[in-house]
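**Student:** Sequence:
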Amino acid sequence: MRRQWLRCLAGLFTLPAFAGQVVIVDGPAAGTYLDIASAVAAAQEGDVLLVGPGSYGAFTIDGKSLSVFAQDPTRSFVAQPIVVRNIPAGASVVLHGLQSTGSGTVGADALAIENVQGDVRVQACRLTGRRGFFASGSTPTGGDGAYVVGSPRVVFVDCVLTGGKGADGSTWNLGGTGGNGLQASQSSVAVVATRCVGGSGGAGGTCGLGGDGARLFGVQASFVAASIEGGSGGAAPFQTWCSGDGGDGLEAWQSTVRRLDTEVARGALGSGGDWTCAGSNGDTLVGDASHVFESGVRRPLELSPFGFASQPVPATVTAFAQDSLSLRASRRGVFNLDPVPAGPLLVAAPPGSHVTFLGVVPFNGTFLASFTPRPLAGARLVRVDRLQLVVDSAAGRLLGEPAVLAVFSPALGPDCNSNGLPDTFDIATGGSLDVDLDGIPDECP
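So in the working numbering, the last one in the sequence shown is 708, and the numbering has no gaps at all.
Hints are computed from structural coordinates only; laboratory data are not their basis. Take the hints with a grain of salt, since some may be wrong.
As the list claims (entries may be wrong) - With a Cα cut of at most 25 angstroms, we get these calculated SDA-like pairs of lysine to any residue:
1) Lys-327 x Arg-348
2) Lys-327 x Asn-378
3) Lys-327 x Gly-413
4) Lys-327 x Ala-387
5) Lys-327 x Tyr-296
6) Lys-327 x Glu-377
7) Lys-327 x Leu-639
8) Lys-327 x Ala-293
9) Lys-327 x Ala-300
10) Lys-327 x Ala-375
11) Lys-327 x Arg-643
12) Lys-327 x Ala-305
13) Lys-327 x Ala-342
14) Lys-327 x Asp-648
15) Lys-327 x Ser-616
16) Lys-327 x Pro-291
17) Lys-327 x Trp-516
18) Lys-327 x Gln-362
19) Lys-327 x Gly-309
20) Lys-327 x Gly-294
This structure is a prediction, so every number in the text was calculated from the model and none was measured.
Work out the full structure: start from the sequences and follow the hints.
**Tutor:** Following this line, the structure appears as structure tokens:
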């Protein structure tokens, strides 16, 4: 199979050096595509897509299971909006390492998750709503970092969700309101190690309001080791203008909010302008939600999103002395919202789960471990595992950190730069150059 992939690479070098490439790893649609939207359209149920460095247009995943991984999260940029919708129960979508912080539809949300009954995992993504722009006398609001509606199993891990800036107006206009970091309605969401930040208000005769860090309506929400911050009010560039009010930290109505090791901060009023009509700081908490404060401390888990079947994958856990650590792997998503006094406890493991004992932590601090993913079934080339750290501590068994891992077949070839990806796909995505066409990334000896 590796030889077949190498033959596919020959035509890639007519592209500009930094042109984006998207790879579908396995199945009938396997091959390279110039943009994410084309790859998504061609992909079959359950396919895995690798996104190379570059800038891509907006895309929509509608009605099918897909996993989309950026080869290098620092160099993969997507225009707003990214849309995930109509995913049926039992299906799942993974978005890993994407950045959506630049161009797109005016005021568009960076990510919209709509009417998804299956599982959505968003991990290591940086999502900023598009800013509003003055047009025809109106000053639109900024887009949300993430907008979730009608979706009961959504998890954000290690993300930054930022609202877009409100549109700037003129002396005779209000400044636009900043977008929300996270807006969700009629859904259940878990937010782990993620920063939710409201966008700043736009300038105007009366400057715009800052966006909320998170705005919830009819939501079951769990925030673990998260930060929720209201956006700043619009800044007044002229002495005669009035600065805007800061956004609220967390606004939640008809919702239940569980918080573990999570900070909430209000947005500051905008700077400058006439002090007699200056805005005010936002509120930290707004609404009629029920708030439950969980005890416990996060145990961060760090590992590459890529690895090989039957080969050790290194992992780092920041933990406490005498913690007993295990890692559970499953093909299916595990949605966590069940609390116990020691912290949010995992729901029952789905069928086919596999547990690996990592070790007992000798002292507080960094614990280095490794685990070996199970072999792939049959002639498959890739599998996506949902991982969950389980911590048996003195206070009881509690949630560690969730992660996802794309597991590749060793038959796909070597990994000379040790990033967990077969060299074939480093080259195919454009993440590495292979000027001499020997199938080895040029940065390798």
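**Student:** Check the structure against each numbered hint from earlier and tell me which ones fail, lowest number first.
**Tutor:** Failing hint: just 17.
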